[in-house]
Amino acid sequence: MNAAIEVRDLHYRYGEGTPALRGVSFSVAEGECVGLVGPNGAGKSTLLLHLNGLLPESWEGPRSVFVGGSPVQPDTLPEIRRKVGLLFQDPNDQLFCPTVFEDVAFGPGQFGLDAEETRKRVTQALARAGLAGFDARAPHHLSAGEKRRVCLAGVLACDPSILVLDEPTSSLDPRGRRELKELLRRIPITKLIATHDLELVVELCSRVVVLDAGAIVAEGPTVELLSDEDLMLRHHLERPHILRHLHPH
Amino acid sequence: MRHDFLDRYSRLRSPVHRLPAPLKLATALVLVVVVVLLPPEGRSFLGAVAVFLLAVAGLSRIPWRFLVLRLMLLEPFVLGVAILALFQPGGGRLFLFLVAKCTLCLLIMVLLSNTTPFAELLRVLKAVRVPALLVTTLSLMYRYLFVLVDEAQRMRRARMSRTFTTQRTPAWHALATVVSQLFIRTTERAERIYGAMCARGWR
Amino acid sequence: MHIPDGFLDSKTAVATGVLAATGLSVALRQARVHLPPRRVPLLGLAAAFVFAAQMINFPVAGGTSGHLVGGVLAAVLLGPSPAVVVVSAVLIVQCLMFADGGLSALGANILNMGVLGAVGGWAIYFAVSRMVKGLFGCVLAAAFAAWCSTVLGSIACAGELAVSGTVGWTVVLPAMAGIHMFIGVGEGFITALVLVAIARARPELLQPQAPVASTRSYGAVLIYGGLIALGLALFASPFASSWPDGLDRTAEALGFREKTANPLLPAPLPDYRMPGMHWSVLSTSLAGGVGTIVVFVLAWLLARVLVPKANRIEEAGPPRSP
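Protein chains in written order, with this note's numbering: chain A, 1 to 249; chain B, 250 to 452; chain C, 453 to 774.
For reference, chain A alone in the conformation it holds in the complex (with noise of 0.2 Å):
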């Protein structure tokens, strides 16, 4: 059985600058949540954006991205990008039609479907992410909660059976927090969520891979690695508060 996502190998260097990714290698299996954590800088978006072939530019050399066993790569890319969500780190940057609505519709309007499909879906994943009747909001009369949603309501729109998140709770309240993590838990789907937010790594993901200047420096059950504080201390994270009270067994 085919992992979800498998990356093997995986280098990547900015122009000429310093290496971003070296030699990264990890998977994850169908219907996992698996955490991505790590300092800034790290390289924790870049490897996520390898995940749908946004990255890299030029594709010299073996493959090293598998979605669902295929390679990502030029000729599977419109697959891939509908298989795996991708949602992007400053809902401003997603969220880019005039309406609600049309920017949920977006994504089924490219991959062919036709208006009364596109509808339903646009419904469904409105309601999904609990925003039903916002489709004639205006993006900029929005918190930054409901933006985030409106783009998860976008990308669940496309039906991906992969759901990859960067920094999904980044600027929000904590009311918006909790309910994006309620929203998150309520998909069965696999996912694979970059933060800083430890406590949500830890609510949601049975496994965490902690990156660290480009490469992997750790990988296991999430309750056993984040409470290893020396880990946690020597790549820049420290020990979630949730599990301070929490002895390792």
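By construction, these hints were calculated from the structure, which means they are not laboratory data.
Check before you lean on any hint, since a few could be wrong.
In silico DSBU-like pairs for lysine-lysine, Cα to Cα no more than 35 Å straight-line [what the hints assert, rightly or not]:
#, chain 1, residue 1, chain 2, residue 2
1, B, Lys375, C, Lys463
2, A, Lys120, A, Lys83
3, A, Lys181, A, Lys83
4, B, Lys375, A, Lys83
Given the coordinates of chain A, assemble chains B and C onto it according to the supplied hints.
Showing chains B and C alone in chain A's frame:
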């Protein structure tokens, strides 16, 4: 300063707001053309138009204060150019007529823009086969002008709070830096938006 | 310089509308053909940028403030055709959303600021920066071109107002052009400052991709040139006193103008026939010419101040093709 001061009333609930956008746009266009083409003998018709517009304004539930302020903001250029019309025989009459026509047209457009969400106007443009690239550009511009105005205000405030002199040249230098930074961030944002569009299947 | 509704008569509105639509279609086609897909969102974003930048007030003496219009800035950073699209988008949104610029005057505004301003300004930038190399040349060219585009646009605006019979040519030309010769200085100054700041932070943004020979479309150059020439000839030549009458007769024949309508002015403009008027036009033109030279020198001095000697040696690379 919140950026929604730019688009506060286009989504109110009122009989006028509920009218379909193509109707409002067409009416505005026809009215503007009629008012502009009106010869000086048709002065009284202007009065009828004014009454109609005031009725629409009342029905639209847009605050009168806002309407007056917007008109006052736009009047100066009208007056500035109309004043040049005074320098000819019969200029005084001409000036008044001109100002009346212009002000009415301003009111038409202010009412149109504040009773019709821009997204609906865009849909009308798309329906009349305006080139896709232009519609996309207008759409993205509308979506992001609020974001960029916000960014610009924030940067300006941050910059000005580090400018300890009121001399003009350093202030200009600081403001030029804000504008340049805004452009740089804009190009970066455009790249990210391109990525987001591709991520959902754009080709 | 946004012309409101009511100042242009029907023939002028239609004529400018046709010219503007032509220019804009050409620009859209050029952009569609030559712009790589990853830069398409940049058009909309740049339009939002121009709008936001226009809202930043630059304090001027006595409590007033100036602001950037940005046509030439956009042309230098994006190329002339994208700049036309960007400026047109800004004008359309300003008209439809903010009543800034009349609906019936949209054609004229796009013609003046988009086609004449952005393309004409870009052409001047292209010419000057070809002659003076490096960042210094780029800054000098941009500052001067920004001033020129402001003045060009105002001359066209004045011409349109005069041809419409709204205002007398001898009044409106000196007033419009005169004021904009001063406003243009601010525009040039701010454009230069912004370009220098961008050059310092991200110099690659000023290096357009080297144009491949095949992308140089002479067709577009011809059309733009033709539009600019036509626009200026139709609306900015006081010597062609027969034009308004010629246009009027055409308009009557085509049905744009009611044959029984009284003209806005009680008599044909006597100004055109008076010998004194020729002198005043001559003196205005002379003042314009002198002003242009003065501004060029000012732009040169500004570029010297802004661009330290060390940077002047480097090559700025060939500017974009239309």
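Status of the hints after comparison with the structure:
1. B:Lys375 to C:Lys463: holds (27 Å)
2. A:Lys120 to A:Lys83: The given pair, whose Cα atoms are some 19 Å apart, holds under the 35 Å limit.
3. A:Lys181 to A:Lys83: holds (22 Å)
4. B:Lys375 to A:Lys83: holds (30 Å)
Against the hints set out earlier in the document, no violation occurs for any number.
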